[in-house]
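With these hints in hand, go ahead and build the complete structure from the sequences.
Taken in sequence, the protein lines are chains B and D. Those letters in the first sequence? Residues 23 to 592, by our numbering. Those letters in the second sequence? Residues 186 to 481, by our numbering.
Just so you know, these hints were derived from the structure itself, not from any lab. Mixed in with the good hints, there may be bad ones.
[Said to hold, decoys possible] Under the rule of at most 35 angstroms between Cα atoms (straight-line distance), these lysine-lysine pairs were calculated in the DSBU-like manner:
| hint | chain 1 | residue 1 | chain 2 | residue 2 |
| --- | --- | --- | --- | --- |
| 1 | D | K455 | B | K408 |
| 2 | D | K478 | B | K219 |
| 3 | D | K195 | D | K383 |
| 4 | B | K92 | B | K141 |
| 5 | B | K195 | D | K478 |
| 6 | D | K473 | B | K219 |
| 7 | D | K322 | B | K411 |
| 8 | B | K417 | D | K195 |
| 9 | D | K463 | B | K411 |
| 10 | D | K463 | B | K417 |
| 11 | B | K176 | D | K467 |
| 12 | D | K478 | B | K513 |
The chain contents come next:
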Amino acid sequence: MVEFREDLSVVLGGAAGQGIQTVEEILTRTLKFSGYNVYANKEYMSRVRGGINTTEIRVSSKRVRAFVKKIDILIPFKRGVLPWVKDRISESTVVIGEKENVEEEFLEKVHFIEVPLTKMALDVGSQLYLNTVAAGIVVGIFRGEFSAVEEYLKERFGSKGENVVQKNIEAAKKGYELGLKLLEEGAVKVEVQRDEKVGDEILLSGAEAVALGALAGGMNFLSFYPMSPSTGVAVFAAQHAEDFGIVVEQVEDEISAINMALGAWYAGARAMVTTSGGGFALMTEALSLAGMAENPIVIHLAQRPGPATGLPTRTMQGDLNLVLHAGHGDFPRIILAPGNIEEAFYLSTEAFNLADRYQVPVIILTDQYLVDTYYNLPEFELDKVKVEKHIVEAKPGYRRYELTEDGISPRAIPGYGEDVVVANGNEHDEWGDITEDEELTVRMQEKRAIRKLETIRKNAPLPRLLGGEDAKYIIVAWGSTLHIVEEAIEKLGRDDVALLHFSWLYPLNLEAKKFFEGKTIIAVELNVTGQFAELLRKELGVEVHHRVLKYDGRPFSVEEVLDALKVVVE
Amino acid sequence: MNPNVEKVDKSRFEPKRPGSQDIAWCPGCGNFGIRNILTTALAELGLNPNEVAIISGIGQAAKMPHYIKVNGYHTLHGRAIPIATGVKVANPELTVIAEGGDGDMYAEGGNHLLHAIRRNPDITVLIHDNQIYGLTKGQASPTTMKGMKTPTQPWGVFEEPFNVIALAIALDASFVARTFMGYFRESVEIIKKAIEHKGLAIVDIFHPCVSFNKVNTYAWYREHTYWMDDHDPYDREAAFKRAIETDPLPLGVFYINEKPTFEELVPAYKRDKTPLWKREPKVEEIRKILDIKRRL
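Below is the structure:
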């Protein structure tokens, strides 16, 4: 018998098109509803059918928010899944499924519990119900609320008719009863505490959080060209476009996407584009226009490995240098990288205020790992969200590029006020007309690239220190690795190790230097060169002593970070 | 459009900004004529400068926002149309004009033009078509005629010139016209019709480049064009037949296809006509979604 306590990792593996996502949804939603903390993340191949995709679902007594390598329970829906995840299987891994989906060589290495999924599905009426049967088994093993499964299936399949709903409920029930039986028979023992409060929390993905955050920040225009892994944000926005009264337009290319959004901002809308590295590359010409014309823009870039097409459905923190340096000429920008789903929401909201206030491109840098991650979390504090608008009326004599002390010119929009607003991508005078004047060119360059940048830098928030200020070791992480590194440090269990997490990446407030003085600094990054470590050197003159880097297109696991940290600090 | 403003006085479109005084166009350039036509059309339509936005790309034609007093955005080569689309959908109350040359709209911006025809925003696209690249000193453009020798096509252009009129009709565009700026009154009327037309209006405007195009001169355009006096612009087949005529080239409104605009079809304006810039985020909708995310 295998016993699991407190924290389990359930992995489902199968071909694209086999319906793993449905199982993932049934499990995360109904287990959360039953009072378990849940976390889910998927990895998938760039294909419509076939191949092998897996989903990890962690079920825990405490909050769980990080990817782990270990697999406690594995459900393979096809042959090939076990070899695909062989490095994650241990002697305590329990495999639940059909014998034909488990390669001979693994039968002795794992605890195999044979269940006749196909037969059970056929008993209900069709092989199509196999996923629902499997989901039922897992819910059963956790003694989850079956009523929640029913509820979910009604919602999920309601549009397909009463018969489909009933058949699915029947299939889930069969699975559920089998799950309970496995517990009773002692084939597997699971002890995870429930918490009623969890049942009342929200369950959200990173992509949904970005979209909702943007909507809370007043986004009323979204243009995009579909590109994994950024499309989820557009899908969510499009599906709610009518309720929110927003424009969501799929355009001919990324060039059009960003230019259309620039036009929308010029006319007073709050616009965003959502893309990935390759799409952003096409946007860089317009990024420079935004810089020169001081046209606000919010860009969501969900990173995937590059260059070029790279690994289109996998993850990496490889586009920091791209967003940092993209564009020709000098102009400021703001780069944000949410560390988790909460930050994905709040920073996406704030991005619009920042773009409006400073009239610069604001880039929200997420990645495939974050946008495809789900977990339960307390509801957002919507009352705290403030939409700060910085639009002025064009009064007679209005000058779009008025020279000011802090480098910020009051921004008027066409049609509001008596006068006109002239914006320009050429070097310009205060009114927005073309100039080639030497002195004016110097002043305008300094206004944008020096004075405005310094205004932003001065107001930039500091990174978050998790751990003691007197810790000897400072682990530096940015963006989506937050909770993975946090859990690794927790497991490391040493007081002299602290985490310094950056979700505001650029420009860095110079006061951030104070966190590094006299410390041994270890940067953890999901790219091959340590792009953020280089940025720290450039911006703050901070030298990173050790770099823990991963670049195989997969997220860090808690175990990997833990092992790497042990090598450095022990 | 404001009924109270003086209809004929176009002086209100005269910019008095310091930077708008030194006009970069060559003496005799057709762009002066187009500016005169445009301000006359705007005045006769009873528009005010703050109700109009001209979004231009790059090139001599694209300098128009500096020489006329309306809202303006002088942007990037080829990108005027997507930017103008964004402006219009953010504030449908504005009269939005995208303006640029033949290189700007047909070469760099070609893809955007095609998709704007599909999208059909209620904007007017004015193409200053002088069949040459002027600002970069005389290279062939997509509408340069076959055989013309240029510094970068010393062997003579052998590519087929772009027939935007036929292309736009083929894509079932909403409004397609061509004029020659040498005909002042006719051009004013065409541009007024284009601006008043609900939907994407494309006006290809012939104008000579006195510095770099020695073939397509004022005289050449007069000799090689004619007005379509007996044409029904609602007849697509007839419009297409006219569109493929090459010499003389027909002038006038080729095709009108009344259909819903982009701004009318986007869900944003289905229930509410308020321009986007006046709207506040719908926090109650977010609460609804979070509520669903809480339940299951």
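Checked hints:
1. D:K455 - B:K408: 27 angstroms, holds
2. D:K478 - B:K219: 14 angstroms, holds
3. D:K195 - D:K383: Roughly 24 angstroms between the alpha carbons, so the hint for K195 of chain D and K383 of chain D holds.
4. B:K92 - B:K141: Given pair K92 of chain B, K141 of chain B holds - Cα atoms ~30 angstroms apart, limit 35 angstroms.
5. B:K195 - D:K478: 24 angstroms, holds
6. D:K473 - B:K219: 19 angstroms, holds
7. D:K322 - B:K411: 44 angstroms, violated
8. B:K417 - D:K195: 21 angstroms, holds
9. D:K463 - B:K411: Within the cut-off at roughly 11 angstroms; holds.
10. D:K463 - B:K417: 18 angstroms, holds
11. B:K176 - D:K467: 28 angstroms, holds
12. D:K478 - B:K513: 31 angstroms, holds
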